[in-house]
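S.K.: In case you want the letters, here they are:
Number of protein chains: 2
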Amino acid sequence: MINKFCKKPLWEVSQTLSAVAGGAKPAETVIKNAKLINVCTREIQDNIDVAIAEGRIALVGDASHCIGETTNVIDANGSYIAPGFLDGHIHVESSMLTAGEYAKAVVPHGTTGIYMDPHEICNVLGLDGVKCMLEDAGRTPLKAMLTTPSCVPAVPGFEDTGAFIGPEEVAETMTWDECVGLGEMMNFPGILGSTDHAHGITGATLQAGKIVTGHYSLPETGQGLNAYIASGVRCCHESTREEDALAKMRLGMYALLREGSAWHDLKEVSKAITNHEVDSRFACLISDDTHPHTLIENGHLDHIVKRAIEEGIDPVTAIQMVTINCAQCFQMDHDFGSITPGKCADIVFLSDLEKVTVSKVMIDGDVVAENNQMLEEFAPYTYPDWATHSIHLKEEITENSFKIKARDVSAKEALVHAIEVIPARVGSYDRHVKLPVVNGYVESDVTQDVLKTAVFERHHETGNVGYGFVKGFGINKGALASTVAHDAHNLLVLGTNDADMALAANTLVESGGGMVAVADGKVLGHVPLPIAGLMNDLPVQEMSKLVEGLENAWAEIGCNMPSPFMTMALIALACLPELRLTDKGLVDCTTFQFTDLFIKG
Amino acid sequence: MINKFCKKPLWEVSQTLSAVAGGAKPAETVIKNAKLINVCTREIQDNIDVAIAEGRIALVGDASHCIGETTNVIDANGSYIAPGFLDGHIHVESSMLTAGEYAKAVVPHGTTGIYMDPHEICNVLGLDGVKCMLEDAGRTPLKAMLTTPSCVPAVPGFEDTGAFIGPEEVAETMTWDECVGLGEMMNFPGILGSTDHAHGITGATLQAGKIVTGHYSLPETGQGLNAYIASGVRCCHESTREEDALAKMRLGMYALLREGSAWHDLKEVSKAITNHEVDSRFACLISDDTHPHTLIENGHLDHIVKRAIEEGIDPVTAIQMVTINCAQCFQMDHDFGSITPGKCADIVFLSDLEKVTVSKVMIDGDVVAENNQMLEEFAPYTYPDWATHSIHLKEEITENSFKIKARDVSAKEALVHAIEVIPARVGSYDRHVKLPVVNGYVESDVTQDVLKTAVFERHHETGNVGYGFVKGFGINKGALASTVAHDAHNLLVLGTNDADMALAANTLVESGGGMVAVADGKVLGHVPLPIAGLMNDLPVQEMSKLVEGLENAWAEIGCNMPSPFMTMALIALACLPELRLTDKGLVDCTTFQFTDLFIKG
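Chains as they are written, first to last, in the numbering used here: chain A, 254 to 854; chain B, 254 to 854.
The reader is advised that the hints may include incorrect statements.
Note that identical chains are pooled: a pair holds if it fits in a single copy or bridges any two copies.
Once the Cα atoms are required to be at most 25 Å apart in a straight line, the calculated SDA-like pairs of lysine to any residue come out as [what the hints assert, rightly or not]:
1) Lys285 <-> Glu496
2) Lys775 <-> Asp430
3) Lys288 <-> Glu495
4) Lys261 <-> Asp449
No lab work stands behind these hints, which were simulated from the structure alone.
With the hints as constraints, model all of the structure from the sequences given.
M.R.: In structure tokens:
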């Protein structure tokens, strides 16, 4: 596979590299006296120099003869050097940061390449939105490699999204330079059911000679997993148990072991390595979803490698899992993943191996970050108007928009379905609750912890609104709204009263999207996300503060869940059990059928 | 990388595979109750079934539900199954067999794929000859993947070959379906010297996204090796010492550990694995050159794996070296190299693991060999007339063709350079010897073990003849001739007298090439090689007998060297030290200059 993620392709500079290695030309940069984390042989080599020219490595060993008058010599002073860290599966949008700000947040932690699946923006803005993110990322030193979103919409027929991706769209993106594969194929039912649509999407990727990445979240590791892998899916980040990850590796699937902000899988899944004497070449470490707070407090892949070491994985083996293993998974090991001649000079300096303390980061031969700070400046990127004005409602939202007419308007109570959320879990329960009917309308009931909920279609002005009830947040006043509402990212509102719900919704309409908490006619916390209703171009520190403010606001109105807005954002995701609400209505996710809000009494 | 080495590409059959794995369609074939050599995790798994459809693996595990009325069930009875063996570097012509007969000889030994560098036929017949070999191989189940010959001629300017390969020719072959990379880049001086020609050839390969295979035979593992690898060369089979192989793996180069008929490197180079606690993923086992006798007596990769085990490498690790490691080297691990869902059903059954006893071989889901016999029939291939009539001399060869006029025709002796060969070594010495002058012509002198030698250009009727002397074979009568004379494969003749030399030469002219030993006007041993003067379409057993006859003939006239025709075949190879003879004359291979036969007295 050929890619654009280098200063120059090897065939344009190989003559220079050979000349530098042989001493016929001085190197541009020489790193002296390092301890090399050799991910090829799983060794640590002392007293190693690296000679660099044209953004690539010319020589590894003794580079004394490569130093000329013009050579920039970096004395590593015996510190460790490792290949640049690669994240095999990441959604930048989860950080709420733009690609540019995301790069500033993660590169100082040693991340030099990410395989990003921008399926959030794609649900809102389609491939044009994806192109914006690629342009944004393209200005930065971070190598942001596209895996084309495969499941847009996530649950076809049950929700309105801003875009549709089918085999033809996938095939088109496979011609893009930035595209190295297909994003997580969440439609495993389609693969297992041998549908033309699902296999058309994976097939278009395979036919282009690119990599299909997976998402197989069933606990079953027999027929289903085999059927899934047989379609050509090469990796999967959805293992949550030791046996999941082990089964995948045994079946030749790269097990991408996840440690994200919300999903802490490593404790369990690392046992696939530590409890078994296995070749670990099919294991990688990835983040999937990372929030601003996590990036600031813990870091990125440096933190995940450290966590793997804490779980008992040998440090060099753990580093293989974010370097050579990941590069081999994507068949890009000829350009990345090791500190060896010919490869891009993507190098992480570590002052402490066990703690994975990153002191300096080099990409394509340039030092781009040092002491946790990005050094390299790059031009700001302005998202176009259509990307920052992505809320397209048919009608203005008012208090009346939230009225749910009872089936029997003369009754005092109505028996309805309510979605009960579960703290820090992705599932939900389908509960039957009796709610008060006032003037013919069904109302929220904080005594039962049940809130009125609405999902407004916001992409194509269809006017679709889905109504339902949610239980379990502990909210006792006010309302909440979010345009981060997986995966269609329609406008989701829930609350105790119609006035606050309208205020919450309209606050987001004004800010072009985001997440908000209001009470008693006042905005308590607000994270504006004007870019596609998903991202903001503020730096990570400021975003982290805004999110903290929002969490405090949630607490103020009664919710003590960790990151409750994450749990809220899944209310509309109709591929998760048991009951969900989309702009098209209430979905029974066990039978995959729409269901009436009212239960016959 | 996409390739044609499968029944059908995965994207055409993935729906069927998923259906079979899920039990919705019956498998075509199910292997039951095997011990799986899992090369992904380096484990042995008991009681494993494999379900197969469309030539690919649908499921690995319990396949009971995949068996229908039409399913062919193969009971493995607890024997081992391993992925089909892959030879990462092989010259089919060394076996003197056609590609078809070669396939019959190696497939029963578990070899399902070879990365072949047909640089012998290419020197004689150019890319048209290569195409013939591909067509021949293409009829067989053996997956014969082309690495385009990179160095034709081997030593430009010093010899006449039948063809020339430059960057443009390489680029053309990179568009061929059968081509997966570049053959051994022997021109390491060109790479180290950063020449346009050498880097143009490697660059054309890299630009096509294909693999550059190497040949770095220097004992130096510092600047030179780095300069070589920096050009993008991905593997090398020329390690002869522990430290060579280790240095290559550390620099991210696949070390192809060789055990050929003539080169027994494993004893030494396997120490790179056994003496160091290294990740062995960058090590492969390969054969390079294998003679008919070796194929019959020892086998092919089965023998080499056994040898690796004898040298102390763990059996499963050794099998990784002919399966997943090789497939990853060529970035073809999505199709080959493991028994996992989606991959081609290339499977070797082993009745004994330590002895690597192959009992059955499956390729693309079909059992093609059993009990050391090829089962599958395939159509015979007839090489075209121009391929079987490749000897094009300007003039008929007679006794007079061998007369070497003395510089001083009146002298009784002449001081000349002689090439001294070294048994079972590729090098030679430049010796100064005094030879008798009779009637003004310099003659052979068996008392000094010095034979007159001539190389006739045989490709383009140029009439070029190079004359010299060779020392060291121990021949006391008769003459020898060969059209296997690396790498230009001109007609090489040496002998004690002109009459026998003419007989030897003309015997080969008549048979369209080959190797012959004559004495006293009689042919003692003759291996006709009518295809390009290099190969014969006889089966391996018959070829082995002919070669044995030739070896006996050599012994009869005084030479007790092992495989002396091999040593003879290197006399014309002007890239080896110290002195060589081509059709253009005597070459000093230390200065790379032509040198006069006569030494000023």
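S.K.: Evaluate each hint against the coordinates.
M.R.: Hint by hint, here is what the structure shows:
1. Lys285 <-> Glu496: between (43 Å within a copy, 23 Å between copies)
2. Lys775 <-> Asp430: Neither: 48 Å inside a chain and 67 Å across chains, both beyond 25 Å.
3. Lys288 <-> Glu495: between (33 Å within a copy, 23 Å between copies)
4. Lys261 <-> Asp449: Intra 39 Å, inter 18 Å, cutoff 25 Å: inter-copy only.
The structure does not agree with numbered hint 2 stated previously, though it agrees with all others.
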